[in-house]
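Student: If you want the building blocks of each chain, they are given just below.
Number of protein chains: 2
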Amino acid sequence: MPRRIVVIGGGAAGIGAAGAAKGTDPSAEVVVFTEYQDAAYSPCGIPYVHGKEIPDFERLFLGSKQQYADQGIDIRYETRVDSCDLSAKTVSVGGKQVPFDALVIASGWNYGKPDVPGNELTGIYYMKNIREAMEWDKVLDSVRSAVVLEAGPLGLEMVTALAHRGIETHLVDPTPWALSMATDPDIAKPVEDSWVEMGAHLHFNTKLEAILGDDKGAVRGVRTSDGEIACQLLVVATHKIPNIELGQTAGLKVGTTGGFIVDETMQSSAKDVWAAGDCIEVPHGVSNVPVQGLSGSHAYSQGKVAGVNAAGGKRAYQPVYVPWGMVAGKWMIGGVSFSETLATALGIPFVMGVAQGISRARYYPDMKPVKVKLLAEPGTLRLIGAQMVGGEGIKERADFLAMAVRTGITLRDLATMENVYSPPIGALNEPIALAAQNALSKL
Amino acid sequence: MPRRIVVIGGGAAGIGAAGAAKGTDPSAEVVVFTEYQDAAYSPCGIPYVHGKEIPDFERLFLGSKQQYADQGIDIRYETRVDSCDLSAKTVSVGGKQVPFDALVIASGWNYGKPDVPGNELTGIYYMKNIREAMEWDKVLDSVRSAVVLEAGPLGLEMVTALAHRGIETHLVDPTPWALSMATDPDIAKPVEDSWVEMGAHLHFNTKLEAILGDDKGAVRGVRTSDGEIACQLLVVATHKIPNIELGQTAGLKVGTTGGFIVDETMQSSAKDVWAAGDCIEVPHGVSNVPVQGLSGSHAYSQGKVAGVNAAGGKRAYQPVYVPWGMVAGKWMIGGVSFSETLATALGIPFVMGVAQGISRARYYPDMKPVKVKLLAEPGTLRLIGAQMVGGEGIKERADFLAMAVRTGITLRDLATMENVYSPPIGALNEPIALAAQNALSKL
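Chains as they are written, first to last, in this note's numbering: chain A, 1 to 443; chain B, 1 to 443.
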């Protein structure tokens, strides 16, 4: 009898798991349950359609439902799993018990709902599902003023998108600067300046106290610790909270971040049950502290590892160093692992080097600044973190520096790195090398 | 008495040496001799002015002569060093003996002059000096048809530039594909196709037999092994030959490439004499074979090492892995260390993985293809080379992969690398990781 693998969740982790399971054991029966109408689309593209950088939602769909069917993956759309019985090895769907040999839980995340008066009003946008986003996009046509709540990654994308669309945009965040959990004020500064240039209004160190409604129950503004802001739309971009109810009720262990605990094969605390994506936590490679709520690329990779192992294969997931990067305002920002702020807060000792470099020959058209900050362990000088803001090449440098942190590359290695010098694509001096040289010269 | 450091050559290596020497010993007297009218400009930018990507020559100048004077660097322009007496520790300049405590030879390179009839005609352009380039740029206004000789890095830049300028451009090269010493036919193919789209004519496996002149002694065409080509201009872009006459006559040892032999401090075979840039050879980090004629970035770094040591400091230069990259036709190409062709020719065993990836989310505007080929040592799976062609991010990936080769990163490391996923700047799957995964899946 073929092995039956049940996947809960049709996001990046669930789809990654289903494809990898089928690839590992082509005879397996792979069933995916998702509450939504679609599985194969990229939610990460939604802010860019709102911002009119991407012309339509249709292109966010990755392929047709038929393509999954052709791969032999049985996706049950708009189907909720009500409970799991791990000892009986069944999931309950619409009153029926569906047996499994292996279960992959990829139940994702939810927004933290603002715990303030007015959170039941209409005009509060929790971006997630593409069908809902299509409806919200029509609403945006008549929105003159919007508030974005919290300056996390999605908040940064949405401030940029709404400002780019010509909407009067306010960012309300209780911390002192943009993306403060991941970056430093000197790195965020150019982004914040560019938002102001784009007409956005920034309210840092500001708490949301209430959402204000009109007589029709629609948002008309927000009250904050710094006064009232009139708006027709509130975009909630609060932290991703792992969606663990189903698995936790079934008995899966949950860690300090609120995500499921898994081992390096993505197996949960229960036999024959794997978990992946935003509902789990994984160890950070430098600190060994569990982290949760990473990128779609992480979710997809974790899903693939879970799928391979659930299908009887063998694959291990590595500790994460979390390269990140994004466009925010008129800049790209990115980094790896610890910022100066976070390392300081955690009491992690470090030496540091900063350099302001350029992306192409200084005389070449469209040359852009690239600022790099490197943090390294005193003594060994092994890289433990990086921060960047610039005009191009941030993603590729963050990928590089994540591998550098993982493999123990030092400031001495980086200070003497070779670099491509060609006027249209690279400057005489690589900004990473300059930052490392500056760190060494201070020692 | 202050130490006197004499530098021969005002290019990237010479200027790097002078600056580093002064930085190491501010009391030193640093004198640079250059045959040219200028020192502080970027010759690497010249093809892009010819191609009209850069609007004028003026911006290629890095700074004023006064800036060097202010730094305390004494540059003697249009001044030829006639000979060196290493035992007396003097150089001879215009009949006068100039004493030195330390000498840095950064005498650069010359083109190999085509050894064919007609090489004395006018209309043959050896691109090097900026003042001459300014004159040639005026000539280009009336050139309808040009031949570029040899498909090395400068040849690729000039074919692209002349075609971009609207000149009927012919590339004549004795080897089977563009940049064949560094890359593979499948990597060069998109570049060659794009040149054809731009109207250029490609003559590979074709030898120059004669340069044909008119009755005024000007180029009217070339005769090749594949027939005659009419043209008003021949751009000679042959290999860089180290310019060693002065140092070799003085007794410096020369290696297998024709460049000066230096140790890791850039000291030549003679005491108190250093050498740097295109006139030297350095060991390749993988094969330990000496290589010569690298980039301006290499020359500058080598110059700095020579300058520090010449001034009594201590700095070592690393073996090179030679990341390279450039714009050619409508693409960027680049790589590190061995191509598949070169490794095969040298009998170096390897395993290989190739992937066709993308630079941004597949639905994001201006997403570009990025093809990556990785070569690794069998068994250890340590990376030994890479080749890439794509639309963006080639420079940064080449820098990364050069460090990967140097530090012993393996295909397993790269197959499990984390990557930034953000629609406008990075795809779900990093092309480098895909290539490594493909290599592993074949094993």
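Honestly, the hints are just simulated from the structure, not real lab data.
Hints are not guaranteed to be accurate.
[What the hints assert, rightly or not] Below 30 angstroms or equal to it, Euclidean Cα-Cα: the simulated DSSO-like pairs (lysine-lysine) are:
1) A:K368 to B:K128
2) B:K330 to A:K22
3) B:K22 to B:K113
4) B:K113 to A:K442
5) B:K113 to A:K330
6) B:K271 to A:K52
7) B:K52 to A:K65
8) B:K113 to B:K271
9) A:K442 to B:K330
10) A:K368 to B:K330
11) B:K271 to B:K89
12) B:K368 to A:K128
13) A:K52 to B:K253
14) B:K314 to B:K271
Student: Are K52 (chain A) and K253 (chain B) close enough, with their CA atoms no more than 30 angstroms apart?
Tutor: 64 angstroms, violated
Student: What's the verdict on K113 (chain B) and K442 (chain A), does the C-alpha distance respect the 30 angstroms limit or exceed it?
Tutor: 48 angstroms, violated
Student: Given the hint that K271 (chain B) pairs with K89 (chain B), does the C-alpha gap stay at or below 30 angstroms?
Tutor: The given pair, whose Cα atoms are some 10 angstroms apart, holds under the 30 angstroms limit.
Student: Are K52 (chain B) and K65 (chain A) close enough, with their CA atoms no more than 30 angstroms apart?
Tutor: The given pair, whose Cα atoms are some 49 angstroms apart, is violated under the 30 angstroms limit.
Student: Does K368 (chain A) pair with K128 (chain B) here, judged by a C-alpha cut-off of 30 angstroms?
Tutor: 27 angstroms, holds
Student: Compare the distance between the alpha carbons of K113 (chain B) and K330 (chain A) with 30 angstroms, and conclude whether the hinted pair is satisfied.
Tutor: Answer violated: K113 (chain B) to K330 (chain A) is near 49 angstroms, above 30 angstroms.
Student: Mind checking the alpha carbons of K314 (chain B) and K271 (chain B) for me, to see if they're no more than 30 angstroms apart?
Tutor: 15 angstroms, holds
Student: Please verify whether K442 (chain A) and K330 (chain B) have alpha carbons no more than 30 angstroms apart.
Tutor: Cα-Cα ~43 angstroms, so violated.
Student: Check the hint pairing K113 (chain B) with K271 (chain B) against an upper bound of 30 angstroms on the C-alpha distance.
Tutor: 33 angstroms, violated
Student: Keeping to a limit of 30 angstroms between CA atoms, is the pair of K368 (chain B) and K128 (chain A) held or broken?
Tutor: Roughly 27 angstroms between the alpha carbons, so the hint for K368 (chain B) and K128 (chain A) holds.
Student: For the pair supplied as a hint, K330 (chain B) and K22 (chain A), confirm whether the alpha-carbon distance does not exceed 30 angstroms.
Tutor: It is violated: about 39 angstroms lies between the C-alpha atoms, which goes past 30 angstroms.
Student: For the pair supplied as a hint, K368 (chain A) and K330 (chain B), is the alpha-carbon distance within the 30 angstroms limit?
Tutor: Distance ~21 angstroms between K368 (chain A) and K330 (chain B) Cα, so the pair holds.
Taken one by one, the earlier hints fail for this structure at numbers 2, 3, 4, 5, 6, 7, 8, 9, 13, listed in ascending order.
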